[in-house]
Amino acid sequence: MTSRLPQNALRIGLPAGRSGIMSALALIPECCILFVGPAACTRHGLLAMLYAKRKYAHLCPDETDITMGTYIPLIAEAAELLVRKDGAKAIVLVTCCQNALIGTDFTMILAAIEKLGVPAAHVEINRLDMFRPANGRPVVSATMSEIAGLFWRKAALPPTAASPKAVNFLGSMSPLSPGNDVASILEAEGYSLRHVSACRDFSAFLEMSRSALNIVTETEALSAARQMESALGIPWVDMTFTLLADKVEEQYALISDRLNIPMDCRGLREQLNGKIRRLRKLIGPTPIFVEESRIPAPYAAARFLLENGFQIGGIQANRLSAREPEAKAWIQEHWPHIPLYSAPLPNQAGSSSSSGSRFGQLRHQYRHPPESYLGYTRIIMVLENLEEQYRQMRSGA
Numbered sequence: 010m011t012s013r014l015p016q017n018a019l020r021i022g023l024p025a026g027r028s029g030i031m032s033a034l035a036l037i038p039e040c041c042i043l044f045v046g047p048a049a050c051t052r053h054g055l056l057a058m059l060y061a062k063r064k065y066a067h068l069c070p071d072e073t074d075i076t077m078g079t080y081i082p083l084i085a086e087a088a089e090l091l092v093r094k095d096g097a098k099a100i101v102l103v104t105c106c107q108n109a110l111i112g113t114d115f116t117m118i119l120a121a122i123e124k125l126g127v128p129a130a131h132v133e134i135n136r137l138d139m140f141r142p143a144n145g146r147p148v149v150s151a152t153m154s155e156i157a158g159l160f161w162r163k164a165a166l167p168p169t170a171a172s173p174k175a176v177n178f179l180g181s182m183s184p185l186s187p188g189n190d191v192a193s194i195l196e197a198e199g200y201s202l203r204h205v206s207a208c209r210d211f212s213a214f215l216e217m218s219r220s221a222l223n224i225v226t227e228t229e230a231l232s233a234a235r236q237m238e239s240a241l242g243i244p245w246v247d248m249t250f251t252l253l254a255d256k257v258e259e260q261y262a263l264i265s266d267r268l269n270i271p272m273d274c275r276g277l278r279e280q281l282n283g284k285i286r287r288l289r290k291l292i293g294p295t296p297i298f299v300e301e302s303r304i305p306a307p308y309a310a311a312r313f314l315l316e317n318g319f320q321i322g323g324i325q326a327n328r329l330s331a332r333e334p335e336a337k338a339w340i341q342e343h344w345p346h347i348p349l350y351s352a353p354l355p356n357q358a359g360s361s362s363s364s365g366s367r368f369g370q371l372r373h374q375y376r377h378p379p380e381s382y383l384g385y386t387r388i389i390m391v392l393e394n395l396e397e398q399y400r401q402m403r404s405g406a
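Each number in my numbering comes from the position in the sequence shown (counting from 1) with 9 added on.
Heads up, a few of these hints could be off.
[What the hints assert, rightly or not] Distance ranges between label pairs, derived from CB positions:
| id | residue 1 | residue 2 | range |
| --- | --- | --- | --- |
| 1 | 345 | 212 | 55 to 63 Å |
| 2 | 266 | 187 | 54 to 62 Å |
| 3 | 90 | 49 | 19 to 27 Å |
| 4 | 174 | 259 | 23 to 31 Å |
| 5 | 275 | 206 | 41 to 49 Å |
| 6 | 348 | 174 | 47 to 55 Å |
| 7 | 78 | 15 | 50 to 58 Å |
| 8 | 239 | 124 | 49 to 57 Å |
| 9 | 193 | 96 | 34 to 42 Å |
| 10 | 295 | 163 | 47 to 55 Å |
| 11 | 71 | 168 | 27 to 35 Å |
Just so you know, the hints here were simulated from the structure itself, not pulled from any lab data.
Every residue, glycine too, gets a C-beta built ideally from N, C-alpha and C.
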């Protein structure tokens, strides 16, 4: 496996920022994140505060408090202050590496917080090397969607007599683009589209607990959707990333079945096929490089391109390859000579940069795109981005 992609190579993907668990949790309205741990650990949450002021509170107990366990009552006191004085409608308790070593059970603390009349949840972020997987990323015990799902179950509104004409989108940090074909079809059928980032307050957030359907856009939200179906009776459809038109049509058929509405996508399929033909003619034999930092399913993306007559120059993937064993096996069987590149670990990236540029990289990590895309629109957007990159490469920009 080669270590680095060639510079100035043509790459496939969508321009999108990334985001961590802290800024994701900040999307829940009127919810306060109480970060508990030594300053050496809680500093990781400081950057997220730049983008969500008044959403975070830090409690930094000293070594004696942590060792003796006397920091536990301090957590309860801090949570009470957030509820009584700051008006928090929900509390997410975030602990870090020291808890992996001490093994504190926060069940009783969460119960004490909930006696204040607000739902509470616990997330552990573990950055210790001994616990990290091979991808080098911190271990996070729960995703934002799982925390949101927990709050929906704990504080769910009573069901309405009539079936709600609303659809939730779970997983993405950004709401669905109004120009997305899925949005257009649902809104034409009278459905409102719900996303946590669009909720004005905690009451509006709780309204998501009585919707007609959950559409899952990221794999991290699948468990939350299953739990909501079990506890709240809300069915769900998996619309996680795919570039395969047949798979997209299966997703549309499931939405049609769940909501009993038509989902005619023949025109979109024709539009996609035309886009592929024009782009293939434009790019010709130019090799395309696929990397996991730009696209959620690099092996599946490579297969999509190969099956549609494009040339692949290499694939960079190690963190996500376990999620797509079939696509990886297909590549290795039919195209065994395609070069594979290892992706740098997050704690290796930018290690030689100046502090100023490194801070800029960290700021980018907490940004997320203003809109997300699904279905045929997402495939077309990926191809349009590829075309734009190709034209820039040819012009020397």
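50 to 58 Å as the expected CB spacing between residue 15 and residue 78, which holds or is violated = Holds - the Cβ-Cβ distance for residue 78 and residue 15, about 54 Å, lies within 50 to 58 Å.
Should the hint that residue 239 and residue 124 are 49 to 57 Å apart at their CB atoms be regarded as holding?
-> With a Cβ separation near 26 Å, residue 239 and residue 124 fall outside 49 to 57 Å, so the hint is violated.
Measuring from beta carbon to beta carbon, are residue 348 and residue 174 in 47 to 55 Å?
-> At 50 Å between Cβs, range holds.
Using the C-beta atoms of residue 266 and residue 187, is the stated range 54 to 62 Å upheld?
-> 24 Å, violated
Does the hinted range 41 to 49 Å hold for residue 275 and residue 206 at CB?
-> 32 Å, violated
Between residue 71 and residue 168, is the Cβ distance one that fits in 27 to 35 Å?
-> 48 Å, violated
Do residue 345 and residue 212 keep their Cβ atoms within the hinted range of 55 to 63 Å?
-> 56 Å, holds
Given the range 19 to 27 Å, decide if the beta-carbon distance of residue 90 to residue 49 lies inside it.
-> 24 Å, holds
Residue 96 and residue 193 - C-beta distance against the hinted 34 to 42 Å = At roughly 38 Å between Cβ atoms, residue 96 and residue 193 fall inside 34 to 42 Å, so the hint holds.
Between residue 174 and residue 259, does the beta-carbon spacing fit 23 to 31 Å?
-> 24 Å, holds
Regarding residue 295 and residue 163, is the given constraint of 47 to 55 Å on their beta-carbon distance met?
-> The hint (47 to 55 Å, Cβ to Cβ) holds, given that residue 295 and residue 163 are roughly 53 Å apart.
In the structure shown, a violation is registered for the earlier hints numbered 2, 5, 8, 11, in ascending order.
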